[in-house]
Amino acid sequence: MASADVERMDAIDTMALSQATLPLDLPDAEAPQRLRIVDTEIVNQLTGAASPNATDARWNVHGTDLGHMFKHKGDLFMVFGDTYGSDGGDWRSNTLARMADPDPASDFSIASMIETATGAAKEVIRSAKIPGFEWTVIPTNGISLGERMVLHYMSVRMWGQDDKWFVRRSGLAYSDDDGQNWTRSDTAMWPAGTGFEQVAYVDHGGMIYVFGIPQGRFGGVRLGRVAPQDVFDPSAYEYWTGMGWAADVQAAQAVVPAPAGELSVAWSEAHQSWLMMYLEPVERAVILRTAPTMTGPWSDAQIVAHADEYPGLYAPYIVPGQTIDDTVYFTMSKWKPVYNVFLMKGRVEASAVDVAAMDTTDLTEPGGMVDQIAE
1 MASADVERMD AIDTMALSQA TLPLDLPDAE APQRLRIVDT EIVNQLTGAA
51 SPNATDARWN VHGTDLGHMF KHKGDLFMVF GDTYGSDGGD WRSNTLARMA
101 DPDPASDFSI ASMIETATGA AKEVIRSAKI PGFEWTVIPT NGISLGERMV
151 LHYMSVRMWG QDDKWFVRRS GLAYSDDDGQ NWTRSDTAMW PAGTGFEQVA
201 YVDHGGMIYV FGIPQGRFGG VRLGRVAPQD VFDPSAYEYW TGMGWAADVQ
251 AAQAVVPAPA GELSVAWSEA HQSWLMMYLE PVERAVILRT APTMTGPWSD
301 AQIVAHADEY PGLYAPYIVP GQTIDDTVYF TMSKWKPVYN VFLMKGRVEA
351 SAVDVAAMDT TDLTEPGGMV DQIAE
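Numbered according to UniProt numbering, the sequence shown spans residues 1 to 375.
One or more of the hints may lead you astray.
As the list claims (entries may be wrong) - DSS-like cross-link-like pairs, simulated, lysine-lysine; straight-line CA separation at most 25 angstroms:
#	residue 1	residue 2
1	K345	K334
2	K336	K164
3	K334	K164
4	K71	K345
5	K129	K334
6	K73	K129
Stated by the list, open to error - Taking CB as the label site, the calculated pair distances span:
#	residue 1	residue 2	range
7	E41	K336	34 to 40 angstroms
8	E269	G74	35 to 41 angstroms
9	D300	G89	42 to 48 angstroms
10	E283	E41	27 to 33 angstroms
11	S235	H306	37 to 43 angstroms
Since the hints were made in silico from the structure, they are not lab data. Given the structure is predicted, the values throughout are model-derived calculations rather than measurements. The beta-carbon is built from N, C-alpha and C at its ideal position, and this holds for glycine as well.
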């Protein structure tokens with residue numbers, strides 16, 4: 001890492017900022033559950049020695065996690081967090097793979113990874129690897145903006161215990177050569193304490209929506225948005241307050257209550273509903289909530305997978321671009337017995353609610369009712 005970048009990072013006292021008070025995690029009343037996911041099962045292991053992808057032999061990826069995804073130029077890319085070779089060596093803070101087919105019901109195998117000169121999977125966003133300063137850099141989600149790939153990351157100062165960790169800042173990195181080389185933006189940086197240290201992106205209606213949670217796994221889910229051309233300008237973002245949109249991130253109100261860990265959001269055209277999946281650390285479960293609009297109200301929580309059946313589970317990421325009708329596919333990580341990523345699927349059941357009769361006007365649309373109220 002360049003010394004100038006280190007100096008810029010060190011100038012932010014994020015240990016103090018991380019104690020900033022966020023608004024209460026109390027969203028409006030929950031909506032009734034319209035969808036549920038049942039019969040959850042493992043389809044296959046995506047990474048590690050036991051995977052059909054043989055990532056250990058092909059790219060020295062014996063253990064890794066996360067596996068959130070975004071589409072770019074028709075390809076589906078999968079992003080991993082801390083990655084290790086045999087016996088825990090060759091530590092890379094993050095790695096990036098391209099899937100053979102974006103359809104999880106088809107050949108959902110890893111076609112290639114961004115590699116070093118020796119053929120091992122490459123750390124795409126470099127990290128200092130200095131505990132107390134920057135222990136690691138973890139991508140939390142990605143988007144495609146034309147020719148440019150963008151990854152949101154959190155710079156982790158220290159790992160704590162019991163699902164807690166300390167972030168020194170979050171920011172954006174970008175690649176203009178389809179993922180081969182990445183640069184951290186000098187402008188798109190946020191100090192810890194905003195409540196958006198980890199994100200899930202949704203490209204919808206000409207805007208980029210950003211679902212955010214704080215560092216660790218004990219905050220609520222908040223919502224922001226920005227025009228695609230302004231993604232790298234922190235001052236251009238606006239945040240859902242419960243009544244409208246505001247420029248002050250501290251005014252953002254939770255749309256889903258705490259506690260929530262790693263999350264993903266996707267739209268089901270068949271069910272005219274948004275689906276959100278996240279880790280609930282107290283329940284030790286992957287949770288589903290649904291809503292007719294991104295601002296909510298979001299339904300009550302429904303357990304999709306539990307640690308009693310899947311020990312060490314976390315990080316559920318819905319595969320983007322799939323047709324969510326009677327089946328939904330998502331990735332999920334496990335700490336034990338192996339540290340790796342798995343492809344999961346579940347059966348989608350709809351309640352007796354008359355979807356056609358529901359008012360599904362999206363108040364988040366630019367120029368919609370919420371914008372008019374806020375003006």
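Out of the numbered hints, which ones does the structure contradict?
6, 7, 8, 10
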